[in-house]
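*Asks:* Using the sequences and the accompanying hints, generate a full structural model.
So the chains spell out like this:
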Amino acid sequence: MRWLFILLFFSGFVASAQKNTADIYSLEQFQQRVLQENDTLYVVNFWATWCGPCIKEMPHFKALSKEMKDKPVKFILMSLDARADLQQLNSFLDKKKIDIETHLFAGGDPNVWINQLEPSWEGSIPATFLYQKGRKLSFKESYFSTKNDLESFIINHR
Amino acid sequence: MKKLFAAMIALCSIIITSNAQEGYKPGSEVTDFQLKNVDGNTVSLGTIPDAKGYIVIFTCNHCPYAKAYEQRIIALHLKYSAFGYPVVAINPNDAKAAPDDSYAKMKERAKEKGYPFVYLHDETQAVAKQFGAVRTPHVYLIQNLNGKKIVQYIGAIDDNWEEANAVTQNYVEQAINQLKDGNAVTLQETKAIGCTIKWKK
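These protein sequences, in sequence, are chains A and B.
Counting along the first sequence from 1, when you hit position 121 you're at 121 in this note's numbering, and nothing is skipped either side.
Counting along the second sequence from 1, when you hit position 107 you're at 107 in this note's numbering, and nothing is skipped either side.
Fair warning: there could be bad hints in the mix.
What the hints assert, rightly or not - Covered stretches of chain A, going by a simulated chain B footprint (3 or more residues, C-beta under 8 Å):
1) 42 to 54
2) 72 to 83
3) 101 to 111
4) 118 to 131
These are calculated hints, taken from the structure and not from any lab test.
All C-beta atoms, glycine included, are put in the ideal place defined by N, C-alpha and C.
*Replies:* Below is the structure:
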């Protein structure tokens, strides 16, 4: 009986560890995460669960993150859903089987953080950034209609 | 060949970028337009009586950001139309891409929420293109100045879409107050997140 409890405890633990859940991220946390002095290429997509074109391009991010999982490429999803909708975001990740690292971005006044991340950004989503070695390599304010489009955006960044 | 192709792609992206940056900037003179209001009448800026200016807001029914700002847009109109700055709301979305933004749904929404301002349908999307609007909500504050309609501010309504109570910067109000006092607008442009305008394909 005791073993059963222990087993149940651990199986529950494993299941919850596998589940992809988003946390709330500040601008500072975001910058620390993507501006790192290593060779990893960070592919960062700003999106939201209610954003049609974002959902349309999501399968390309899912597919490429799997295909590139042995390469020094890290995919990160930055959700612009409301903080009050964190739970809704997490059930969305679960339902759509999205296992890419996800954060809910709470950066404060968009007029401050948009200008800081990319002054040419008009503020529409989806928007995708590439970061490497502590600097921004590329930015696109529009959606990728095919997986190939996203792949060439990632590969041809230099 | 490959290089030529790459150059062509680069050129295309430059063209696309420059297109996106067309439209009005602070200081631009606005060309008046004619659009159908939810009451069936055709409205131009020039036909709105006693206006010292206009708070033109590209907005829509379906977008969560537009919804979050709906009450604040109503409040802006109630507060500032008395000073000659009425809200002129314009929905530019293609109803095929966003069925909730059809003219019929606009009429429903305006009635249900008792919109005190005009809510215009930019069916051809020509006005949104003329302004250079890219998202909803997207504000253009216009002042009537010596017979001309001049853009004085472009951007966000305020600095907190999620919580109206936690707003610290009322960008549009600050701009109107400066104009009312005969001053120049100090912060002429702000950035905001919003829903992309759903363009016709």
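*Asks:* Confirm or reject each hint.
*Replies:* Quick rundown of the hints versus the structure:
Requiring three or more residues with a Cβ within less than 8 Å of a Cβ of chain B, the coverage given for the segment 42 to 54 of chain A holds, as 5 such residues are present. Under a criterion of three residues with beta carbons nearer than 8 Å to beta carbons of chain B, the stated coverage of the segment 72 to 83 of chain A is upheld, 3 such residues being counted. Counting residues of the segment 101 to 111 of chain A whose CB lies closer than 8 Å to any CB of chain B gives 4, which reaches the minimum of 3, so the coverage claim holds. For the segment 118 to 131 of chain A, the stated coverage by chain B is satisfied: 6 residues place a CB nearer than 8 Å to a CB of that chain, which reaches the threshold of 3.
Consistency note: the structure conflicts with none of the earlier hints.
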